[in-house]
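Asks: Same order as they appear, the protein sequences are chains A and B. Each residue of the first sequence is one higher than the one before, counting from 3 in my numbering. Each residue of the second sequence is one higher than the one before, counting from 227 in my numbering.
Calculated from the structure, these hints are not laboratory results. There's no promise every hint is true.
Rough simulated footprint, nothing fancy, chain B against chain A, three-plus residues with beta-carbon under 8 Å [unchecked claim]: (1) 161-171; (2) 182-192; (3) 297-308.
Distance windows between CB atoms, simulated [to be verified]: (4) A/Tyr262 / B/Ser619: 56 to 62 Å; (5) A/Arg258 / B/Arg590: 20 to 26 Å; (6) A/Ile301 / B/Leu711: 46 to 52 Å.
As the structure is a prediction and not an experimental result, all values here were calculated from the model. Note that CB positions come from ideal geometry on N, CA and C, so glycine has one too.
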Amino acid sequence: MSTQSMTGQGVLIPALKADRGGQVLLALLLIAAVVVPIFNLMIPEGSFFHLSTYTVTLFGKYLCYGLLAIAVDLVWGYCGILSLGHTAFFALGGYAIGMYLMRQIGPRGVYGNPILPDFMVFLNWTELPWFWEGMNHFPVALLMVVLIPGLLALGFGWLAFRSRVTGVYLSIMTQALTFALLLAFFRNEMGFGGNNGLTDFKELLGFDLKTPGMRVALFITTVVALAVGYIGCRYVIASRLGRVVQGIRDAEGRTRFIGYQVESYKLWIWVFSAALAGIAGALYVPQVGIINPGEFAPINSIEVVIWVAVGGRGTLYGAVAGAVLVNYAKTWFTAAFPEIWLYALGALFVGATLFLPKGVVGLIPARREKTA
Amino acid sequence: MIPLPPFLRKFLRLPLRRCLLAAVVAVSLPLQADDPVAPAADAAAETTAEATPAAPTTFPDIVHALGTASLSERTALLEALLATKHPNSVAVLTAWLEDHLHVRDADGAVFITAEADTQLALTDPLTLASAGSEPAEGFSKVGSNNSLRKLLRSAVASFKLGSPEAAVRLAAVQEMLRAPDELTLTMLREHAEAEQDPAVLKAIAAGQAYADLTSDSADTRLAAVKVLSGALDGESLAKLEALREEANEPDERVRNAASVAISSIALKRKLYSAIETLFFGLSLGSVLVLAAIGLAITFGVMGVINMAHGELMMIGAYTAYVVQQIMPTHLAASILISIPAAFVVSGLVGIAIERGVVRFLYGRPLETLLATFGISLFLQQLVRSIFSPLNRSVATPEFMSGQWVINDALSLTWNRIYIVVFTMIVFAALQLILRRTSLGLKVRAVSQNRAMARSMGINSDRVDAITFGLGSGIAGVAGVALSQLTNVGPNLGQSYIIDSFMVVVFGGVGNLWGTVIGGMTLGVAGKLLEPAVGAVMAKIAMLVFIILFIQRRKQGLFPQKGRAAEGH
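The whole structure should be built from the sequences, with the hints applied where relevant.
Replies: This is the structure in C-alpha cells:
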C-alpha cells in the first residue's frame with residue numbers, strides 16, 4: 003500500500019542516515035545486546051561488574067515500555083492522534099501471550115488440571131471457553147498478540163476516523179475504551195482470571211522462565227524487537243504514507259482537499275501502532291510474570307503519553323529515552339522516597355508541557371542539518 | 227408517688243384496660259365483674275387460694291412473690307401485677323418477657339437485670355434505680371412458659387398501644403398480629419376506634435382482613451379480599467395468591483375476586499418499582515450532572531480540558547470533612563457551611579491552576595490535558611500527605627438520613643432526594659449566573675469570540691480566571707454532595723473524571739442543558755440496564771454506547787449552533 007516505485011531500502015537508508023538520535027539508540031541497543039549477557043552470565047556473582055538478573059529484567063521491562071512509547075509517538079507525534087488508551091492494546095497483547103503461558107502450565111497448577119487453568123477450576127468451570135482453544139500453540143498466540151489489538155484498533159478507528167472524531171474528543175473516547183476494557187476484564191465471567199489476572203507462569207517454549215539464561219534471552223528478544231520496531235516505524239514515517247500522515251497532522255483539512263483519503267491513512271497507522279503496542283505487551287508479560295486488569299487503568303495510558311512528551315514527541319528515539327528515563331526515575335523514587343514520586347511525576351507533567359515542548363532530546367543542541 | 231407517664235394514664239382508661247384484662251383473664255380464670263380492680267384482686271385471691279393462703283396485692287409483694295412462685299402461680303401473679311396499675315409494671319413485664327428478670331438466691335429479692343460479662347447489672351424494680359452489679363451465679367431466672375409468654379407479650383403490646391408515639395403503636399400492632407387470635411383482634415378493633423394514625427389503622431385493618439380470610443363465611447372472605455385488594459405489601463399479595471388455589475378456597479367468587487385483586491396489586495407494584503428505578507436513575511444522574519457541570523463550564527465554555535476536575539471535587543469533599551471536624555456537634559450546620567466553604571476553597575485552587583499553568587496553554591488542548599493531569603497527581607499526593615491515604619467518612623446529618631416511606635411498595639432515601647434537589651439548585655444558580663449577570667455575559671462573550679470580546683473592552687484574562695474559578699468552585703460543591711454518598715479519599719476524584727467527560731461530551735460541549743439531560747439520561751439508562759445485566763456490564767454498555775453515539779453525532783445531544791460552534 004505504501005511503496006510504489008520506491009523500494010523499501012530506497013527510503014529507509016537515507017532516513018536512518020539523517021537520524022542521528024536513531025543511530026545513537028540503535029548503537030546503544032546493540033551494545034546492550036552484547037554487554038548484558040556477558041555481565042550477567044559470564045561474570046560471577048559478587049563481582050563488581052556483575053549485572054544482577056533483577057536489573058536485566060528491569061531494563062527489559064523499560065525497553066518494553068520504550069516500544070510502547072514508540073507506538074504512541076507514531077500516532078501522536080506523527081499523526082496528531084493523542085491516544086489515552088494505548089495500554090489497552092499493550093494489555094491485550096499481554097493477555098494473548100499470558101493465555102499461552104497459562105496453557106503451558108498444564109498439570110503443574112495448584113489444582114493439577116491438565117487443561118483448565120487454576121482460576122477456571124476455582125470457578126467450577128468444566129471446559130475451556132472457546133477463545134482459549136488453540137492458545138497452547140505458540141504461533142497462534144503470537145498471531146493473537148498482533149491480531150487482537152489490531153482488530154480492536156481497526157474497529158474503533160474505523161468508526162472514529164470515518165465520522166471525523168478528532169482532537170480532544172478522540173482522546174476521551176480512547177480513554178473510555180480502555181476504561182470499559184478495565185471494567186470488563188475485572189469480571190470473572192470474562193474468562194481471563196478476573197481481578198487476579200493471569201500469573202504463576204512456568205515456561206515459554208519449554209524453557210523455564212525463572213532461569214537467568216531465559217531472562218537474558220527475553221531481554222535480547224526485547225532489544226531486537228525494539229530495534230526492529232524502531233526501524234519499522236522509521237520506515238513507515240519515511241515512506242510516502244508517512245509523509246501523508248504528517249500532512250494530516252499539520253493540516254488535516256488541506257490534505258483531504260488535495261484528494262487523499264485521510265481516514266484510510268489514519269486508520270492504517272493507528273492499527274499499525276496498536277499492533278506494535280500489542281507486541282510490547284507480549285514481551286512485557288513473560289518478564290514481569292503477571293498480567294492483570296490493572297494494566298488497562300486509564301492512568302497508565304496517560305503515563306505513556308507523558309514518557310513521550312518528556313522524551314520529545316515526534317522523534318521516536320525521544321519516546322524511548324522518555325520511557326526509560328521516567329521509569330528509571332519511578333523505580334528509584336518509589337524505592338527511595340515513595341511519597342514524593344507522585345509530586346515528581348505531577349511536576350514532570352506540568353514542567354514538560356510548559357518548559358520542554360520538544361522534550362529532553364530537544365535540549366541536546368541540534369547539529370546544523372539541511373532537512374529533518 | 228411517681229407521676230404516671232401519659233401513656234400509662236391512657237392505658238388505665240377504660241376500654242383498653244378492659245381488653246387487656248380480658249386477655250389476661252380469658253387464659254387464666256373466669257372473671258365476672260365490670261369493675262376491674264377489685265375483682266381482679268379477688269380473682270387472684272381465688273386462684274391462688276389453694277397454693278398460698280394470703281395472695282399478695284401490693285406491687286412490692288407481688289414482685290417479691292414472683293421470685294419464688296411456681297409457673298402456674300405466676301399466671302395469677304401477672305394478673306395481680308396488672309391490677310396494681312403500678313407505673314413500673316411495664317418495665318417488669320418487659321424484663322420478664324425478655325428473660326431479664328432474676329431472683330437473688332440468697333434472699334429472694336427480684337431484680338431487673340442486664341448481662342455484663344459474668345456479672346449481672348441489677349435494677350431495683352420498685353425504684354428503677356441501679357442496685358449495683360453482682361456475679362451471675364447467685365441468681366436464678368424468673369422463668370416463663372409459652373402460654374405465659376403469650377400473655378406477657380400481649381400485655382406489653384397493650385401497654386405500647388397506649389404510647390403517644392405512632393411508631394411504637396405500629397410496632398405493638400405488628401407484634402400482636404404475629405400470631406393473632408380472636409382476643410387480640412377484639413383488642414385491636416377497640417383500639418382502632420380511638421386511633422388517629424393512618425399507618426396503625428392500616429395495619430389493624432390488614433390484620434383483621436387476614437383473620438377474616440380464614441372465616442367460614444364466604445361473604446366475610448370476599449369482603450376481606452376486597453380490603454386486601456387495596457394493599458401493596460408482599461404479605462397481602464402472598465395471602466391472596468394462596469386463595470387462587472382451589473384447594474385453599476372453595477368459593478369461586480372469592481377466587482375470582484382474589485385474581486382480580488392480585489392483578490391490580492401486581493400492576494401497582496410494577497408501577498411503583500418503575501418509579502423507584504426512575505428515581506434511582508435520576509439520583510445517579512444527578513451525581514453525574516453535579517460532577518460534570520463544573521467541567522461543562524471549563525471544558526464546554528472555555529474549551530479547556532481540566533483533568534484535575536475530579537481532584538477539585540475531592541478537595542471539596544475534604545473541605546466538608548474538615549468543617550465537620552471543626553464543629554462535630556452541629557452536623558446539619560456543618561454541611562450547610564461546607565457548601566460555600568468548598569466553593570471558595572476549590573474555586574481558589576482552580577484560579578491558582580488557571581493562573582499558574584492553564585493560561586500558558588490556551589489553544590493547545592492536548593497539552594492542557596497533560597499538564598492538568600500532572601496537577602491532579604500532585605493534588606492527590608498532597609491530600610495523602612495531609613490527611614493520610616485512608617478514607618475518611620463524613621457523617622450524614624439526621625435530616626438527610628433515613629427513608630421517605632410513601633407506601634408499602636415505594637420508599638425513597640432522603641439523601642438521594644436531597645442530591646436531586648441540590649443538583650437542580652446548583653444548575654439553576656449556574657444558569658442564573660451565566661444568563662443574568664454581567665459576569666455571565668462576559669464569559670459567554672469571551673467563549674464565543676475572544677478577539678471581539680477583547681476589543682469591546684472585556685479583560686479576557688480576568689474573565690478566564692473567574693470562569694475557571696467558577697467551574698472549579700462548582701466541582702467543590704459537588705464534592706460536598708459526594709461526601710454524603712461515599713467515603714472521602716484521595717482517589718475520590720479519579721473515579722468520576724471519565725464519567726464526567728462522558729456526560730459533557732454526550733450532552734454536547736458548551737451547553738449546560740445538554741449536560742443535565744445527558745447526565746440524567748445516562749443515569750436512568752444505567753439503572754434500567756442494571757437489573758438485566760448487572761452494574762459493571764451496565765457501565766460498560768454505557769461507555770460503549772457513548773463511544774458509538776459520538777461517532778454518529780460528534781457534537782453530542784445538543785450541538786452548538788451558529789458562530790460559536792466554529793470556535794471548537
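Asks: Evaluate each hint against the coordinates.
Replies: These are the hints, each one checked on the structure:
A count of 9 residues in the stretch 161-171 of chain A with a Cβ less than 8 Å from any Cβ of chain B is obtained; the coverage claim is therefore met, three being the minimum. Counting residues of the stretch 182-192 of chain A whose beta carbon lies closer than 8 Å to any beta carbon of chain B gives 5, which reaches the threshold of three, so the coverage claim holds. Interface restraint, the stretch 297-308 of chain A with chain B: holds (5 residues with C-beta to C-beta distance below 8 Å; minimum three). Against the hinted window of 56 to 62 Å, the Cβ-Cβ separation of A/Tyr262 and B/Ser619 comes to about 57 Å, which satisfies the hint.
Remark: the range hint 20 to 26 Å for A/Arg258 to B/Arg590 is upheld by a beta-carbon distance near 23 Å. Separation of A/Ile301 from B/Leu711 is about 23 Å and departs from the stated range, judged on CB atoms against 46 to 52 Å.
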